[in-house]
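Here are the chains, one letter per residue:
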Amino acid sequence: MWIEYIYEPFSYSFMIRSLIVAVSVGVILPLLGSYVINRNLGFMGDAMAHASLPGLAFGLLIGASIFIAAIPTAIVIALVLGYLINRSKIGEDTAIGIIFSSLFALGFIILSIYDHILLSVEDLLLGQILAVSSFDVWATLILSTVIVITTLFLYKQFLFISFDPKGAKISGLNVRLFDNIFLVVLSLSIISSIQSVGIILVLSMLITPAAASKLTTKTFSAAMITGSAFGVIASISGLYLSYYLDFPSGPSMALAATSIFIIVWLAKRSFRYAS
Amino acid sequence: MMRTSQNNPCPIVSKGCCVQLGNELILDDVSFSINEGNLVGVVGPNGGGKTTLFNAILGLVPIAHGSIKINGVDPKKAKGLIGYVPQREEFNWKFHVTVRQVVQMGITKNTSFFSFTSKHNQEIIEQSLGKVALLDRIDDRLEDLSEGQRQRVFLAKTLAQGANILLLDEAFSGVDIGSQETLVDVLRNLKNDGKTILMATHDLNTISERFDEILCLNRHCCAYGDPGKVLTKEIMIELYGSHSSMFKDHTLGKHGHNDVD
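Residue numbers (the working numbering), protein chains in the order written: chain A, 1 to 275; chain B, 1 to 261.
These are computed hints drawn from the structure, not numbers from a lab. Heads up, the beta-carbon is just placed ideally off N, CA and C, and yes, glycines get one too. It is possible that part of the hints are untrue.
As the list claims (entries may be wrong) - One-sided excerpt, in silico: chain A residues whose CB lies under 8 Å from chain B:
#  : residue
1  : K156
2  : F160
3  : F163
4  : D164
5  : K166
6  : G167
7  : K169
8  : S171
9  : G172
10 : L173
11 : K214
12 : T219
13 : F220
As the list claims (entries may be wrong) - Take a look, some chain B residues computed to stay more than 12 Å from chain A by CB distance:
#  : residue
14 : G37
15 : G47
16 : G66
17 : K131
18 : E147
19 : V175
20 : I177
21 : V186
22 : T206
23 : Y240
Bound conformation, chain A alone (with noise of 0.2 Å):
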């Protein structure tokens, strides 16, 4: 029966861990994806995940895991992203292309020093979910509460900072406390999402997923609830082909969203043809 496909892998205990993990990355980067696609800060979002890696090879040096890891880097990251766009004279992407690069490669020469780290380099590019511990699970699910109930809690300033920064302040709001705020959240979101989408792809997940329920709804709350719905099925597609195809799950999960992107594209093009 077709259908034992569908449940059969969940007889391992592994697998129940890579769908919790699964489903948290699918919720939680489409929220903030949201934000990220409607402010133009996908070149961020990327540079955020590859900055991580000195702060994750620091954190696997001193037997820390990925997931605890992430937590300082992503904070460290957020502020100085945060001074660099209120500060930076030579131009915000600029400024962010040189340091987040640089931050890059200093990753992998920290990698290469201490090879005894036991890390594959291309499970951390292109993720592996197949491989979180229960610790993990637990990591993930924290944080992942953490990030939707801030967002969730915070809607209308985030809205409020993203759309119009000068009214906002104008309006009296700290725009720079939650600008801060949201920056953080964002790169706790991208970092911790690292173990399963992998770096290079992480952007895949934040970006593709939302995109696709901004063709399909008209408000930006409906827009952040689709988007994860979209992201639950793109996550959950890529943990299957990574199970069955031995595929890495990064990405296994950005070609499931980019399907789903597709398939929504071509029904409203179809939808409005017809109507």
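Assemble chain B onto chain A, guided by the hints.
Frame of chain A, contents of chain B only:
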């Protein structure tokens, strides 16, 4: 002509205001006071300091010398009293929001968490949109609106915020003449409700019909008062230099160009 003073203090009083950005003095000794309920056009060349003056009134740039008082207090303490409608270039119009959500942002500061859907807030939003004649577009996406309608959505946002002083930065740019007139009608109604309105504009041809007073700004305050009396030849030269001859008869149909019949 300045109006006779009323019981209320002037909402905006600038005394010898100087603003320096980097090494450049953008505003030099700018003084004026604007009475409540006036519709004021701010004119001057690009780089003449219109946007900087607005930023100073909004408390976003430091004042090097002199002062600006909003209802008698410093601009930084007057946050919320002033509403701002940005220039179209300042903005990402493709942002995925509806008209309702934009107007909602006006009350973000005053509402507690999760209270978006309260009946009272919805009433404020609907009233504000009614005043700019856009209630029928409340659930449309911002990107589906025309340029002039977007300006009015932002105006509604400042009304929801409860602002009594409204600043509009070149709200006519990119807006066709019909929509400009709609905007002017809306502004006139708001002025009659007691709002004090400043609008930066480049359109000198219609200025005397549209505004009660004009403020001529070219790094310093060249003139302030009744548009018919203020725009003299000397002031035009002070504002626009050698190009001022183009505006010497600033009435409709006579722009100083030598059009072929």
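Checked hints:
Because the closest C-beta pair between K156 (chain A) and chain B is about 5 Å apart, less than 8 Å, the hint holds. Look at F160 (chain A): its Cβ gets to within about 5 Å of chain B, closer than 8 Å, so that hint holds up. Nearest Cβ of chain B to the Cβ of F163 (chain A): about 5 Å, under the 8 Å cut. The hint holds. Annotation: D164 (chain A) was flagged as interfacial toward chain B, and the flag holds, the nearest CB pair being 7 Å apart, inside 8 Å.
The interface hint given for K166 (chain A) holds, since its Cβ lies 6 Å from the closest Cβ of chain B, which is under the 8 Å cut-off. Hint status for G167 (chain A): holds, given a least beta-carbon distance of 6 Å to chain B, under 8 Å. Hint status for K169 (chain A): holds, given a least beta-carbon distance of 7 Å to chain B, under 8 Å. A distance limit of 8 Å between C-beta atoms decides the matter here; for S171 (chain A) the minimum to chain B is near 5 Å, and the interface restraint holds.
Hint on G172 (chain A) holds. Least Cβ distance to chain B is approximately 4 Å, under the 8 Å limit. This hint holds: L173 (chain A) has a C-beta 6 Å from the nearest C-beta of chain B, less than the 8 Å allowed. Given the 8 Å rule on beta carbons, the hint for K214 (chain A) holds: about 5 Å separates it from the nearest Cβ of chain B. The interface hint given for T219 (chain A) holds, since its Cβ lies 5 Å from the closest Cβ of chain B, which is under the 8 Å cut-off.
Interface hint status for F220 (chain A): upheld, as the beta-carbon distance to the closest one in chain B is roughly 5 Å, under 8 Å. With a least beta-carbon separation of about 21 Å from chain A, G37 (chain B) lies farther than 12 Å from that chain, consistent with its non-interface assignment. The Cβ of G47 (chain B) lies farther than 12 Å from every Cβ of chain A, with a closest approach of about 20 Å, so its non-interface assignment holds. No Cβ of chain A comes within 12 Å of the Cβ of G66 (chain B); the nearest lies about 21 Å off, and the non-interface call holds.
Distance check for K131 (chain B) against chain A: the nearest CB is about 18 Å away, which clears 12 Å, and the non-interface claim stands. Remark: the non-interface label on E147 (chain B) is consistent with the geometry, its nearest Cβ contact in chain A lying 17 Å away (cut-off 12 Å). Listed as outside the interface, V175 (chain B) is consistent with that label: its C-beta sits roughly 19 Å from the nearest C-beta of chain A, beyond the 12 Å cut-off. Distance check on I177 (chain B): its Cβ is at least 27 Å (rounded) from any Cβ of chain A, clearing the 12 Å threshold; non-interface status holds.
Against the 12 Å criterion, V186 (chain B) stays outside the reach of chain A, whose nearest CB is about 19 Å from its own CB. Listed as a non-interface residue, T206 (chain B) keeps its Cβ farther than 12 Å from every Cβ of chain A; the least gap is roughly 27 Å. Interface exclusion of Y240 (chain B) from chain A stands, the closest Cβ pair being 28 Å apart, more than 12 Å.
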